[in-house]
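Novice: Protein chains in written order, with UniProt numbering: chain A, 1 to 337; chain X, 1 to 337.
Don't take every hint at face value.
With a straight-line Cα cutoff of 25 Å, these simulated DSS-like cross-link-like pairs (lysine-lysine) come out [said to hold, decoys possible]:
| id | chain 1 | residue 1 | chain 2 | residue 2 |
| --- | --- | --- | --- | --- |
| 1 | X | Lys207 | X | Lys235 |
| 2 | X | Lys186 | X | Lys207 |
| 3 | A | Lys231 | A | Lys186 |
| 4 | A | Lys207 | A | Lys182 |
| 5 | X | Lys207 | A | Lys116 |
| 6 | A | Lys116 | X | Lys45 |
| 7 | A | Lys207 | A | Lys186 |
| 8 | X | Lys182 | X | Lys207 |
| 9 | X | Lys186 | X | Lys116 |
| 10 | X | Lys235 | A | Lys301 |
| 11 | A | Lys45 | X | Lys116 |
| 12 | A | Lys186 | A | Lys116 |
Restraint-style ranges between C-beta atoms, simulated for each label pair [what the hints assert, rightly or not]:
| id | chain 1 | residue 1 | chain 2 | residue 2 | range |
| --- | --- | --- | --- | --- | --- |
| 13 | A | Arg16 | X | Ser309 | 27 to 37 Å |
| 14 | A | Arg120 | X | Ser25 | 20 to 30 Å |
| 15 | A | Arg196 | X | Glu315 | 49 to 59 Å |
| 16 | X | Glu53 | A | Gly313 | 26 to 36 Å |
These aren't lab readings, by the way, just hints derived from the structure by calculation. None of the values given here were measured: they were computed from a predicted structure. Glycine included, every Cβ here is placed at the ideal spot set by N, Cα and C.
Number of protein chains: 2
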Amino acid sequence: MGYFMTSRSQNRPNIRAVAMQAGVSTATVSRAINTPERLDPETLKRVLHVVQELGYVPNLTGRSLVMGRTHAVGVVVPNVGWPLFASFARGIEMELNASTLMPIIVSTDDLQDREKDAARALVERSVDGLILISSNLAPGEIERLAPNMFRVHINPQIDGHEHQIRVDDVAGGYLAADHLIKSGHKRIAHVAGEFRSGRDRAQGFLKRLSEEGLEPFVLYTGDFTVEAGEKSVDKILEIGVPDAIFAASDLMAAGVCRALNRAGLRVPDAVSVMGYDDNPIAALLDPPLTTIRQLDIELGKMAGKMFLSLMEGEEAHSEIIVPELIERQTTRSRLRR
Amino acid sequence: MGYFMTSRSQNRPNIRAVAMQAGVSTATVSRAINTPERLDPETLKRVLHVVQELGYVPNLTGRSLVMGRTHAVGVVVPNVGWPLFASFARGIEMELNASTLMPIIVSTDDLQDREKDAARALVERSVDGLILISSNLAPGEIERLAPNMFRVHINPQIDGHEHQIRVDDVAGGYLAADHLIKSGHKRIAHVAGEFRSGRDRAQGFLKRLSEEGLEPFVLYTGDFTVEAGEKSVDKILEIGVPDAIFAASDLMAAGVCRALNRAGLRVPDAVSVMGYDDNPIAALLDPPLTTIRQLDIELGKMAGKMFLSLMEGEEAHSEIIVPELIERQTTRSRLRR
DNA sequence: ATGAAAGCGCTAACAT
DNA sequence: ATGTTAGCGCTTTCAT
Numbered sequence: 001m002g003y004f005m006t007s008r009s010q011n012r013p014n015i016r017a018v019a020m021q022a023g024v025s026t027a028t029v030s031r032a033i034n035t036p037e038r039l040d041p042e043t044l045k046r047v048l049h050v051v052q053e054l055g056y057v058p059n060l061t062g063r064s065l066v067m068g069r070t071h072a073v074g075v076v077v078p079n080v081g082w083p084l085f086a087s088f089a090r091g092i093e094m095e096l097n098a099s100t101l102m103p104i105i106v107s108t109d110d111l112q113d114r115e116k117d118a119a120r121a122l123v124e125r126s127v128d129g130l131i132l133i134s135s136n137l138a139p140g141e142i143e144r145l146a147p148n149m150f151r152v153h154i155n156p157q158i159d160g161h162e163h164q165i166r167v168d169d170v171a172g173g174y175l176a177a178d179h180l181i182k183s184g185h186k187r188i189a190h191v192a193g194e195f196r197s198g199r200d201r202a203q204g205f206l207k208r209l210s211e212e213g214l215e216p217f218v219l220y221t222g223d224f225t226v227e228a229g230e231k232s233v234d235k236i237l238e239i240g241v242p243d244a245i246f247a248a249s250d251l252m253a254a255g256v257c258r259a260l261n262r263a264g265l266r267v268p269d270a271v272s273v274m275g276y277d278d279n280p281i282a283a284l285l286d287p288p289l290t291t292i293r294q295l296d297i298e299l300g301k302m303a304g305k306m307f308l309s310l311m312e313g314e315e316a317h318s319e320i321i322v323p324e325l326i327e328r329q330t331t332r333s334r335l336r337r
Numbered sequence: 001m002g003y004f005m006t007s008r009s010q011n012r013p014n015i016r017a018v019a020m021q022a023g024v025s026t027a028t029v030s031r032a033i034n035t036p037e038r039l040d041p042e043t044l045k046r047v048l049h050v051v052q053e054l055g056y057v058p059n060l061t062g063r064s065l066v067m068g069r070t071h072a073v074g075v076v077v078p079n080v081g082w083p084l085f086a087s088f089a090r091g092i093e094m095e096l097n098a099s100t101l102m103p104i105i106v107s108t109d110d111l112q113d114r115e116k117d118a119a120r121a122l123v124e125r126s127v128d129g130l131i132l133i134s135s136n137l138a139p140g141e142i143e144r145l146a147p148n149m150f151r152v153h154i155n156p157q158i159d160g161h162e163h164q165i166r167v168d169d170v171a172g173g174y175l176a177a178d179h180l181i182k183s184g185h186k187r188i189a190h191v192a193g194e195f196r197s198g199r200d201r202a203q204g205f206l207k208r209l210s211e212e213g214l215e216p217f218v219l220y221t222g223d224f225t226v227e228a229g230e231k232s233v234d235k236i237l238e239i240g241v242p243d244a245i246f247a248a249s250d251l252m253a254a255g256v257c258r259a260l261n262r263a264g265l266r267v268p269d270a271v272s273v274m275g276y277d278d279n280p281i282a283a284l285l286d287p288p289l290t291t292i293r294q295l296d297i298e299l300g301k302m303a304g305k306m307f308l309s310l311m312e313g314e315e316a317h318s319e320i321i322v323p324e325l326i327e328r329q330t331t332r333s334r335l336r337r
């Protein structure tokens, strides 16, 4: 690493400069900033005038050191670049905006080592706490890395964390199957996804089917991508043409639709299709995709809210988010009138 | 705001705890961390052992105070939740990962006041510098808010900033028109966008047309949304059916495609369509959208790189990014063989 | 090679 | 109502 200039930002006026200029002690300046009501109006006015004049901006680093708080909270996500996590981060930011807390977002690429590095870097910065989504770290591990820190976990891959928010993927899968069944579909294929979320969605799907005494038409497992959705259609059509296909992600559903179109099967006339996520693309597909909404921004807001309540001394608790159905135009009732 | 617990994170071992336990001075511990080569191997080993034992993690707040650097850089974007800015932020993060710098991302909702607040909050945190994209602040304003700070500006709405990166929207519009003209389209409509970027794209588009002696079929201005794209088609079809429609955003292009389909006009057989951005949805539309790519991640990386070089003392300079054509399946040659 | 001491910018007893 | 002073965790001269 090269040589870093550091001289430029050095000349910011500090509390002492203000104090001297105003002819008061630094304590008085501090009070003018933090507890103005405890100051003589005259002095206050004089101090604030100097603050203005010098363009004094308090240095939070100094304050943090004595207060033992940075008013920063680390947000650990797999990748801020991805829409889901971007929205999630934005939700946290919105919620925290009302407080004095500022989120610091770090991406891990879903790598355990990078996650450890991230946690460590945030601890070094003495953040007041951590919000982690889709973490791969075991509770003991994270406690070792960030001891005694306020933490909120969203959908950790490894169980046993307190202060959890879980998105109920089982309920989401169940909801999708329920919608298809209620609108008269019988032969329903599922393009499942990986990881816990994929498995949970499949589980909920199967549960609803079994309540009806139905078997899945086909179960195919993909990796959440468009290509996986396209490939799944090949497999499915080898068996026959189902009434409906439920894919565990909107991307896979997009692939499913595209492949069905190519095979000359119109959506939803020939086959109904459902996705999962309510990815921004869902509404833009033609026809717009019926899907299960994961309210990412809301999830972020909820996480922010839970973090705030933790700092205020609230007991550990968990919450569960139940996804909702967004009915658009890729599903269509098969009930005869 | 309620009462915040603060006792939890207080008991982190500090440099003095390590020093005492190892029977050395704090200076030695500091050296063990920062300049291990200047220590007696025996002492070093002993100190590091205690560091391990106690789980000592240096407190960057203290270090920042004495060093006058936080190794943090503020990133000011309109909204981290939007794909473009999320990718941009991710690009910065990737570039900065190799250094000791950590980005702190703040959203402003494109509001001047929020932007001032953001700048101020980041200055309070004593960030080493600022990266701003689509800023609405005048150079003097931002200099007043963040005096003597390293700054990189990307596409500011107000000109006159140093260390700029500009995305050449004129070239992008030119490129789109060029592609359509070279593939034999004559009657070309443009659905323009707002702001400087929208105007620039339109300008480039018109420039290429005029080189050919062509007039635009229609010029309609929308607000970058899907709905604007749909509405534009109504207006365009009032005049007639063009050979091609070039929309200033992929979202508008998606709306254009949808409306054309509804009107019974197949894309690209009846009408070619082009978008702009290479939004993730572009590849997923059916048919996949031909568009102009704004390499958002690359833009972020470039911004990070420029910031790093600034800190290393490099002179102020500007860069321009020229977008590239991504040819997919919504355009089709009208040249007879 | 290591330690003692000063100081980065700030706040909070404590004193007046 | 305001000032004095100590100290938050760390690095860095200056001694030794």
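Novice: The structure should be examined with respect to each hint, and the outcome stated for every one.
Specialist: Quick rundown of the hints versus the structure:
1. Lys207/X with Lys235/X: holds, 23 Å
2. Lys186/X with Lys207/X: holds, 14 Å
3. Lys231/A with Lys186/A: holds, 22 Å
4. Lys207/A with Lys182/A: Holds, because 15 Å separates the two Cα atoms, which is no more than 25 Å.
5. Lys207/X with Lys116/A: violated, 53 Å
6. Lys116/A with Lys45/X: Roughly 24 Å separates the two Cα atoms, so the pair holds.
7. Lys207/A with Lys186/A: Holds - the C-alpha atoms of Lys186/A and Lys207/A are around 14 Å apart, at most 25 Å.
8. Lys182/X with Lys207/X: Distance ~15 Å between Lys182/X and Lys207/X Cα, so the pair holds.
9. Lys186/X with Lys116/X: violated, 47 Å
10. Lys235/X with Lys301/A: At roughly 41 Å apart (the allowed maximum being 25 Å), Lys301/A and Lys235/X break the hint.
11. Lys45/A with Lys116/X: holds, 24 Å
12. Lys186/A with Lys116/A: violated, 47 Å
13. Arg16/A with Ser309/X: 27 to 37 Å: With a Cβ separation near 34 Å, Arg16/A and Ser309/X satisfy 27 to 37 Å, so the hint holds.
14. Arg120/A with Ser25/X: 20 to 30 Å: holds, 25 Å
15. Arg196/A with Glu315/X: 49 to 59 Å: holds, 51 Å
16. Glu53/X with Gly313/A: 26 to 36 Å: holds, 31 Å
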